[in-house]
Amino acid sequence: MIRPLLVALLQVRIYLQDKGDLAFSLLLPIAIFALTYGAFGGQTLFHGTAHVVNEDQGGDYSARLIQRLEEVDNLDVDLLSASKADAKLDRADLLMVLYIPVGFSDRLASGEQVQLVFKQRGNGGDEGQIVASIVGSVVDRMAQEFQVQGQVNEYLSGSGISQEQIDITVQRLLEGERESPAVMVKEETVGDSPDPVNEFLPGIITMFVLFAITLTARALVEERKKGTLERLLTTRLSVGQLFTGKFLVNLSRGFIQTLILLLLSYAVFQMFTPLSFVESLIIAIIFIAAVSALGLIIGSVARTEDQATWIAVFFTMAMVMLGGTFFEIPESGVLSVLSKMSINTYANDAFRTIIVDGGTLADIGLQMGVMAGVAVVGLVLGRAIFKVMPGGR
Amino acid sequence: MSQAFMIAQDLHKSFNEHKAVDGVSFTIDKGEIFGLLGPNGAGKTTTIRMLSTVLEPDSGDVTIGGYSIRHNADAVRSIIGVCPQELALYEELSAIDNLVFFGRMAGLGSREARDQAMAHLELLGLKERARGRVDKFSGGMKRRVNLAVSLMGHPELLFMDEPTVGIDPQSRNNIYETIEGLQSKGMTILYTTHYMEEADRLCDRVAIVDGGRVIAMDTPRELRSQIGSPEKVTLEDVFLHLTGRSLRD
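In the order they appear, the protein sequences are chains D and S. So that you can map any letter, position 364 of the first sequence is 364 in my numbering, and since no number is skipped, the others follow by simple counting. So that you can map any letter, position 93 of the second sequence is 93 in my numbering, and since no number is skipped, the others follow by simple counting.
Excised from the complex, chain D in its bound form (with noise of 0.2 Å):
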């Protein structure tokens, strides 16, 4: 037992060497971490941004629109000039753009008619269109106030009240009305929202454990590049023990790695019990061990760095994609089939039990089972296949 032990300490030497290596690897994790907090770890409610040309400068009216418009919660004004949108409009940048029109007040004022326009490239994106109705309600009440305003000044008019007045009292019961309406909407929510992070962390350790399928795969393609492969297979060292020594420190790295991750995750979301968290890192034990143990396979196939390289990433992005990591895949079809042969199915599955279900190791047997054989048969399979590969033995 002691080779094993002393491949994997030299591995873990020759890792420790390389200060950038050992940077990155660290930080990997964390900067996992930090994409999925500002994917999922923010505000969940609507927070748009309303994209706004004035051309009607010093109007009252349209000053008047921007306030409101600024008055919105979860909505930002954004004051642009003409060109500036247009080119942004042109680009892509922005997908909507309010324009308030040159006259906008001074038309509004003598009564006619005026038109607000947006402009939107294609439907002018989910976002744009919210804005759009929530710009679309400001300024529909705008109107309404603005015909109260009018019809009150129409009706008072020659009844010895003056307009200063007039204007202030009904700017009065409108703000009150603004306030209070007289009807009102309430919100009650049903039961817990669906958490993102809930949803995807699973997803994304996987796919974070399954990147080091890469790691694995290179280990032994690199040792045999250096020659140093040939060398230890001329001493007393096995070829199983070989393998069993990069399988430690393949288990040891991306153990390391995950704890790390888990362990923000744990502090920042407070998404695991202690139970909960320590079951989580048994699954992610058995499903490291299970990749490395395939990493190893595609390193005794692999007769290059490239080729190890492109075979891990080939396999690891169809385990991703099968393991129903970034959409749900349908309980029948062959979409279902397929994911079963997705070690990522497996994993995911049991850390969604755990993490999302609240369900303990009992539940999660088939799963762990599963990641433990694939573990086993890989090493052994491994084994089988740089015996009969060239330079093997």
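A few of these clues could be false.
In silico DSS-like links for lysine-lysine, alpha-carbon gap of 25 Å or less [as the list claims (entries may be wrong)]: (1) S:Lys142 / D:Lys19; (2) D:Lys225 / D:Lys88; (3) S:Lys136 / D:Lys226; (4) S:Lys142 / D:Lys226.
Note that these hints are calculated values from the structure, not bench results.
Starting from the known structure of chain D, arrange chain S on it as the hints suggest.
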């Protein structure tokens, strides 16, 4: 009567349709330095890879110290050392770390591996640089580390595949002296080289191989005498006489 320590019998090895080794047989006596000479592609390295248990012969067998490479490869590995043609070192690590690691792989304990490593590094003039990273070493120093690694575990038979390629005269001379010293301590050595004067100086007997076959085998002096006066003819003359002057791939 001398005692054959290694016996290679009718070795064959083909890669696809190409016969790399085609019926090679020879013996090496205990304590002998045996040269395996031949042009590029003659089958020298394939022969060494079979003798050192890396490649399995298609047919034929080899016994080393009484152990068959087919039936008792692990025992064979315990008594051989290999100094490969290409540097086979972990260049990110120090010289002593390389030696200790391969020593442990050869079955040495931690202390013993360290003691042997220091002794071999001293033998090859590298004691002062024992803790230096190999990738910072010159080509000659790397070659010497490569040789030092192959001595770990005190092998009884050492395979040396062109150990002096591309190094300065000082390092080459150091390697010659080391080899002669090893022989004086009873080590058996199989040596391949393209430098004929090297083979002439070091080898007790040489075999010249070409096309995967042994085409001549004798002491350097006897081989020289076959084509002229041994004092005037060089081993290179013999080599060119036997293998021709056409260029090889």
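Report task. List in ascending order the numbers of the hints, as given earlier, that are violated by the structure. Result -> 2
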